[in-house]
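Since the structure of chain X is provided, determine the placement of chain P on it from the hints.
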Amino acid sequence: MPELRFSRLRNEWVAFATERNDRTFLPTDSCPLCPSGPGGDSEVPLDDFEVVVFENRFPALGPDRRPDGRPVRPATTGCEVVVYTPEHHATLADLDPRRARLLVDVWAERYLELGGRQEVAYVYVFENKGEVMGVTLHHPHGQIYALPFVPPVAATELVQAVAHRRATGRCLHCDLVAEERSGQRRVFDHKGVVAFVPEAARWPYELHLYPEGHAGSLAELDAGQRDALAEGLLEVVRTYDRHFGFSTPYVMAIHQAPTDGADWPDAHVHIELYPPHRRPDRLKYVAGVELGAGTFVNDTLPEETASQLRAACRLA
Amino acid sequence: MPVESEQAQAPRPPTARPLEPVPPVGGSVGAGRPPVGAPRPPHDSHELPDGRYLIAYRSAPNA
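Residue numbers (this note's numbering), protein chains in the order written: chain X, -12 to 303; chain P, 217 to 279.
Treat the hints as calculated values from the structure; they're not laboratory data. Backbone N, C-alpha and C define an ideal beta-carbon position, used for all residues, glycine too.
Taking beta-carbon pairs under 10 Å as the criterion, some of the chain X residues facing chain P (in silico):
(1) 30
(2) 88
(3) 90
(4) 92
(5) 97
(6) 99
(7) 208
(8) 211
(9) 213
What follows is a list of derived Cβ distance ranges for each label pair:
(10) P:255 with X:154: 34 to 40 Å
(11) X:14 with P:267: 20 to 26 Å
(12) P:275 with X:9: 32 to 38 Å
(13) P:265 with X:14: 15 to 21 Å
(14) P:267 with X:-4: 33 to 39 Å
(15) P:266 with X:279: 38 to 44 Å
(16) P:275 with X:-2: 41 to 47 Å
(17) X:276 with P:275: 44 to 50 Å
(18) X:186 with P:267: 43 to 49 Å
(19) P:266 with X:103: 21 to 27 Å
(20) X:288 with P:255: 42 to 48 Å
(21) P:255 with X:228: 28 to 34 Å
Isolated chain X, as found in the complex (with noise of 0.2 Å):
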């Protein structure tokens, strides 16, 4: 049974799910996320789908489970499954601009349906690719976990975000994009879709994603944003795998408002996308610095990276 332990030196949240360190590792005669027609053994027992959201079999957090272990309905907090396609070789960058549109729908209608849920308190959408970022099914697909907290990295944006708008009367995230969209950072400015490596980069090719105008969350957007975000979505990750000439691994995070119950008026959705690569033959590895210090070394400029960027982009 997953259970979340409160640390008091680090005042956050740790995550333990035993059952987790035995679950399904890099199959090869046989992929979980492929569907397998109706009564069949993979996580998708359908003919075909477009995009389909399952409850996580190995789950890093709830849902509480009856004692013959079926889950307990309605389930508080959660880890879900989001397959994107069944295309077992694609990638985020294979889908056509229907598919992604879909897939930005489909996070939007999760962030209502499971932040309106009584303990959820923050909906994190997130994407691993690649076995340096830990994947343990190659088909592509996300994951959103519902948490009872809001977590350190998206806490910390929104202390940021209040503190600026008392000093300034303005949002913060809204002021960023103002300077990243005509400054030497910006990767693309496309229908208002604004991408650019961010001023302190932790990572040397990370880039980040803000769909058109202010809103706290995905489901705030409406069509014409969803299909420009989807849109550029889907030129981020072409670009890295053309800028570095190969499918590109990252991690992508996805911040929105908490759904805590309170307003977030200076919550402003957005992408982060973190490739692992600082060149094409060499990782960047979260060592002692980072892990033992909190504090990132960057061993790239982002101005530079984002010029490189760029060169690979079709929207620039």
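Relative to chain X, chain P alone:
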């Protein structure tokens, strides 16, 4: 090694808001926000043999 005076006088970076040691209850999507900015995608809900849910989403016909 002593800290340089300029560094010593530089403002300290802000720290994260302390997290509540007890998970908050009463959570919901924030009040006052538009509940949805676009139509929800059509979908079919299923139950897997072990009781977990699976939802198959489809693109809207006019998408």
